[in-house]
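Undergrad: Starting from the given sequences, assemble the full structure and let the hints guide the process.
Each protein sequence line maps, in turn, to chains A and B.
Residues 43 to 443, numbered by the numbering used here, are exactly what the first sequence covers, in order.
Residues 43 to 443, numbered by the numbering used here, are exactly what the second sequence covers, in order.
Hints are not guaranteed to be accurate.
The list makes no distinction among identical chains, and a pair is therefore deemed to hold if it is satisfied within one copy or across any two copies.
[Unchecked claim] Restricting the straight-line Cα-Cα distance to at most 30 Å, the calculated cross-link-like pairs of lysine-lysine (DSSO-like) are:
id, residue 1, residue 2
1, K233, K207
2, K329, K429
3, K97, K162
4, K358, K128
5, K87, K70
6, K373, K320
7, K429, K380
Since the hints were derived computationally from the structure, they do not count as laboratory data.
There are 2 protein chains.
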Amino acid sequence: MGIIVQKFGGSSVADTEKLYNVCKHIIKEYNRSQSVVVVVSAQGKTTDKLISEEKEITENPDLREHDCLVSVGEQITISKLAMCLKEKGYNAVSYTGWQLPIITDSVHCGARIKYIETEKIKKQLEAGNIVIVAGFQGINEIGDITTLGRGGSDTTAVALAASLKADRCDIYTDVDGVYSSDPRIIENVKKLDLVTYDEMLELASLGAKVLHNRCVEIGKNYEVPINVKSTFIDESEGTRVINNKDLESLYITGVAKDDNISRLTIIGLENKIGRTYKVFKLLSENKINVDTIVQSAGEHAVKDISFTVKTNETKKALKIINENLIELGAKEVICCDKLSKISIVGVGIVNNPGVAAKVFEALYENNINMHMISTSEIKISVLVNKKEANLALKAIHDKFY
Amino acid sequence: MGIIVQKFGGSSVADTEKLYNVCKHIIKEYNRSQSVVVVVSAQGKTTDKLISEEKEITENPDLREHDCLVSVGEQITISKLAMCLKEKGYNAVSYTGWQLPIITDSVHCGARIKYIETEKIKKQLEAGNIVIVAGFQGINEIGDITTLGRGGSDTTAVALAASLKADRCDIYTDVDGVYSSDPRIIENVKKLDLVTYDEMLELASLGAKVLHNRCVEIGKNYEVPINVKSTFIDESEGTRVINNKDLESLYITGVAKDDNISRLTIIGLENKIGRTYKVFKLLSENKINVDTIVQSAGEHAVKDISFTVKTNETKKALKIINENLIELGAKEVICCDKLSKISIVGVGIVNNPGVAAKVFEALYENNINMHMISTSEIKISVLVNKKEANLALKAIHDKFY
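TA: Pasting the structure below:
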């Protein structure tokens, strides 16, 4: 029987009662497979509380010390959960990131896992014990504590599953799977039974907050079957994230929305080699994340180039480009904020040329203007006015479901 | 210039304001000596809170997991304090017990330090940085977190000072030194400028809660000068704990009281070799700590033997002895609880035969009965009724000061 990795997030372990609820899932799996490794996050608001205490001290914390501080959250959870399991009569043993160790690079607050030493885990599993591992944290090569950044515990879980060659990684959360769109906006959302890693990657980057991109990437690279299921609904079937779907599966997976978008357009850029490169080098040097880029066909002496940035980086991006207009060889930059990006995702898109037309039809029928369009093999995104975003989401969703 | 170790307890670092107050002491010493290592406890009630959360889970926690849980308290303090110092413009770097590492034995909740690796600290000091170390915690040889038990942070500080061959270990606390008696009971207590390690050991074991025995032991063994001073009173002179006093010093250091005492007397014990040994072996096997032992001269066929135990262990001790009366060859065991032990401590006692007489005189004048007397080279202890204990303390203190 293979190893099963289970991951429980902060809301699933928020208090003693919930810790004991989590024990039920663990014990059930243990009684079935005998080899269970559990990854947990910090309890409820623990990390938020530590960060607010940190803000009392400084607005600009040293990142090494910050990681030392916030990593205690998971350390609290692992020891408590091990105690709960022992109280229930099951042998459990906890490990922090440094105890295994989980070796990462040195990028504090956003470290990447380089290697997980699994010897201790394997020994404990062989002895019949349940192993509890702190998510979100690791240790770099000089022995400093690191943290993995947002969604870090998911990443720990899938990376552990990959390192242990586990049969499966079950991500327990407060929703019971991945949906075709946001259930808070769309009434008739459909829970997806299956979704591919690629679709999940697109959905995650589009604001479906179920799984973090990095964990899906690892899942994809090491072909770890991931199950997303509910901590609170017993026998929840959840969503399976896998490599390839059967032929019969839906060609559209979901429709997602991101409200945090501004579009910048640089007008009258000289149509010379290297101009586009210069623009994005400048933005990158200033640590501004650019999302979609659309360039008009460059047949003329000048061209326009549009791209999107996150709303909170708009001002900074505008300022930088305006300060460098002459050097960039551009005429002006204009900005269109209060936009939302609606994206439709599915592996079937590339083989179904009618999808784009259907999207545009749905928007046309609802009199919604598109500010930008971009497409990939498995995704079509359109920018619309933020105030029309929910209507657009619903219109597109209804068109396909 | 040599290294200075400073230690700040939980009440000295309880919140952000207090952390910044502690920075003042650190910066002042850093500006003077350039080589400061700081040991801190968990903030205020942090450890108590963790333990009460633990009690929600189980009354009988796994001790390995318990140590993993409670050790987060100091980890929080070290990172916060390092941030505070950075905010003040001083470079500081924090280390947990496992990061140095501080190697201990495997006795969870009461581990003893075997070895402290000081390489990282020395490197940081050479680079001009202030080093912050988590008190109370260490790591055993298989990589599990251990804690040192009560007074653990003091022990960490003095052990570090010994390992670093520091010039001095300053223990900052909420009182401004060691007193000749309990200031809450005696009005005219005298703050001691100097006290020897041996006197401090006796005082600590007698309920003067300023320094824990284990840290004084290490100080004595490695001749680390220890200063006890106030975190909250600037320029507090404090008390110096040293190896030998000048000849002129007071021959009495202090008078202490312990209210947590019961006396058991085993009557009619056969006066044969090995009987006494059997009694205390039995108690030791049952993990009962015996304090003072007094045995009447054994000229007869039977003898009586009295000893004291802590109040909360009285019932257990009585039960065990009663169950084994025949085997022990004794007639009966009687118990006298609600007792207090008053002790007078000073290196001068051995050379001043009048001290004992003065103690007895003070009690006689106040009509206080003594239930047991025991003496050592630097201590005279008497048991009195608990309700007369404060009066006895005052009477003896007044006799000498």
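Undergrad: Now look at each hint and say whether the structure bears it out.
TA: These are the hints, each one checked on the structure:
1. K233 <-> K207: For K233 and K207, the Cα distance is within 30 Å only inside one copy (28 Å; across copies 66 Å).
2. K329 <-> K429: Classified as within; 29 Å inside a copy, 72 Å across copies.
3. K97 <-> K162: So K97 and K162 pass the 30 Å test across copies only (28 Å; inside, 37 Å).
4. K358 <-> K128: between (53 Å within a copy, 27 Å between copies)
5. K87 <-> K70: Answer is within: at 27 Å inside a copy they meet the 30 Å cutoff, but 37 Å across does not.
6. K373 <-> K320: within (15 Å within a copy, 99 Å between copies)
7. K429 <-> K380: within (8 Å within a copy, 77 Å between copies)
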